[in-house]
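Participant: Same order as they appear, the protein sequences are chains A, B, C and D.
Residues 202 to 403, numbered by full-length UniProt numbering, are exactly what the first sequence covers, in order.
Residues 202 to 403, numbered by full-length UniProt numbering, are exactly what the second sequence covers, in order.
Residues 202 to 403, numbered by full-length UniProt numbering, are exactly what the third sequence covers, in order.
Residues 202 to 403, numbered by full-length UniProt numbering, are exactly what the fourth sequence covers, in order.
FYI, nobody ran anything at the bench for these hints, they're computed from the structure.
You may find that some hints are simply not true.
You can't tell identical chains apart in this list, so a pair holds if it fits in one copy or across any two.
As the list claims (entries may be wrong) - Heads up, simulated SDA-like pairs for lysine to any residue below, C-alpha to C-alpha not over 25 Å straight-line: (1) K229 / A366; (2) K228 / D334; (3) K402 / P382; (4) K228 / N313; (5) K233 / R247; (6) K233 / E304.
4 protein chains.
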Amino acid sequence: LIKEYEAGGDEYIPTLGIPDEEFATVKKLITKEEIRVVTLAKLKLRHDMCLWDIGAGSGSVSIEADHLLPNGRIFAVERNPQCVEFIKENLSKFNARHVTLVEGDAPGCLENLPDPDRVFIGGSGGNLWDILDTVDGRLAAEGRVVINAVTLDTLTAACEFFENAGYQLEVTTVNIARTRPLSDYKIFESYNPVYIIAAVKE
Amino acid sequence: LIKEYEAGGDEYIPTLGIPDEEFATVKKLITKEEIRVVTLAKLKLRHDMCLWDIGAGSGSVSIEADHLLPNGRIFAVERNPQCVEFIKENLSKFNARHVTLVEGDAPGCLENLPDPDRVFIGGSGGNLWDILDTVDGRLAAEGRVVINAVTLDTLTAACEFFENAGYQLEVTTVNIARTRPLSDYKIFESYNPVYIIAAVKE
Amino acid sequence: LIKEYEAGGDEYIPTLGIPDEEFATVKKLITKEEIRVVTLAKLKLRHDMCLWDIGAGSGSVSIEADHLLPNGRIFAVERNPQCVEFIKENLSKFNARHVTLVEGDAPGCLENLPDPDRVFIGGSGGNLWDILDTVDGRLAAEGRVVINAVTLDTLTAACEFFENAGYQLEVTTVNIARTRPLSDYKIFESYNPVYIIAAVKE
Amino acid sequence: LIKEYEAGGDEYIPTLGIPDEEFATVKKLITKEEIRVVTLAKLKLRHDMCLWDIGAGSGSVSIEADHLLPNGRIFAVERNPQCVEFIKENLSKFNARHVTLVEGDAPGCLENLPDPDRVFIGGSGGNLWDILDTVDGRLAAEGRVVINAVTLDTLTAACEFFENAGYQLEVTTVNIARTRPLSDYKIFESYNPVYIIAAVKE
């Protein structure tokens, strides 16, 4: 359809809203385009911030954030070896200059990173509470943590953590359905709902 | 690549996801934060494009697009005098350098603008068909039109136009609900659903 | 879980909300439990009415309506031979006494049925306009037609018909997501959205 | 099987889906028509059951259940004096013969009621945990509790209770938007989302 990413540079990449199918990924696991940009909006990024992207998956959030942090730094943290390969491939394809890949288990592998202004948690591998504990100790004042939850269990645990820790909390549920461009009939197909938790350190 | 809001106080404005309450506007009419960023994602902006924002309202879409078109041009078209004042105020507050305000009725006032690569229609003042006709005549090859519809009437009319004109069409419905940050209980409050129509000229 | 439909009678069948998995059906095609009861609510059935269920599929709407029309009549119209077998099996299992199966193509096969007070159209096999034309000619004054649309095409066509014919029109969109009872984590899974069109003859 | 509303004017009341505006109520607080019928479906009522409706509000759930429990008993429990008056008025208008009004605070006022097969909790007045504790002690084997939650707090607390108590749990989120029948344009207006928790005693 639209030729993008052709030449040796950024000029064909949209500055927001990279289509899901442009990423090397396991299709079912990618943060969908629409969810990704709402997530980025909730992060309230400023040009020179430090962002941790924990459970980066295919790196799609880090890569879209790259445009929004022209003077900042992004650390894409991932422990799954297959995902790590996807991230490498995608960082190269999209020429994401501010993103550093960090292989390993969170929270352990976060130790040597610079303190974050913003943290996105797309996956926690069962260590959500430990990760949040570490994040809370390192996050800058007025810092912001955003979590995408697809289970009620994660939603509940995250809200409990942030309320105990005195953060200001907003939960946004996003229900998206879309038609497929090339089908004869415009059937709406739903994504599963996502809960986007945004917590601000007071 | 992406410029920052520099002057007095503006340094705290995020590079995506400006909170609704930061805009001078009639509260009920603003394109909500979450809808705005999904709309921008659907526009698939590239750094040097020309965007028409027709029925710009408070100018919020143009202002968020300003970051995403560092080498581009944006024309915010609006006929309502009160909205025009809001746009002026917001352009000044957010220091949106690539946005030009165009006062007047579409499609008439579009005549002297440069041809667009991208067109967003947030409001059509009852002239949707005429506006689409004009846009279709001026839009670049592989250009893209995005319309936010809140009525079934607009959704139907827009789809009919684009199918007749041979565009490739995608419709995304967005249902958002969110909790209020400062209330004692986390009650989810819904926005009305929005249909985001994205049409690509073949 | 709960033993239902065991004995030779109605006593174990819930009087509303028969679980989807109790019906003989093609799983993807059944009108889901939640959608089915909202559809029945929109039909505004009274005890002695005549209901046409056009494109009855597995007969689930007719069978749930059976309880709500203790002195009425229901005609389940279906042309697909496999679906006809499902309906027979379900009518027998649920002992639906007021439901008559009508095999054949609508609108042709509607000719010999008594005039309806209520009509539900779950599927139209590409003949929506002809079916609506026939229904309109036969429907009682203050009668009511309910259509479940999953495509924008059906939604648009149905609305156009009813507006031309002078009906009062309401469209309800239903977005449902639910957790699976027996999984370890409560992941919300979405149904595709359904548009329930309710039209009242003036 | 299912009785009808007989007296003056009542013959026009449907056997399911009584319009919200037919109930004496505080408009914002009524369980909306669509939510009400999905709630009833989740209760899986059988003809001769005993239902407790705790926090009955305007009594709309009890009144719609009256049709579905032709040989059963319904206890509508409410402590707010204004709501009690609404319930009295509605029970009279709809001639709901199987519904008994119980004025007072739950769980205290539940003591003298017969044990329930089904329990619906529409409001808990801050005593959710105590009410669930009492309900758990009285509920029949294979009994079923349904709760409508509009806050994340209630959703979380209810899920925690049921998981601790070993119930099988399903959560259904319902997002409804509908057009207004008499407006010129078909604008979709959303209800706030409701979480319908259905728990089955093993």
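Participant: Please go over all the hints and tell whether each is borne out by the structure.
Facilitator: Structure-based check of each hint:
1. K229 / A366: neither (33 Å within a copy, 34 Å between copies)
2. K228 / D334: Intra 31 Å, inter 38 Å, cutoff 25 Å: neither.
3. K402 / P382: Classified as between; 13 Å across copies, 42 Å inside a copy.
4. K228 / N313: Answer is neither: 32 Å inside a copy and 45 Å across each miss the 25 Å cutoff.
5. K233 / R247: So K233 and R247 pass the 25 Å test inside a copy (23 Å) and across (20 Å) alike.
6. K233 / E304: within (23 Å within a copy, 37 Å between copies)
Of the hints listed earlier, those the structure fails to meet are numbers 1, 2 and 4, in rising order.
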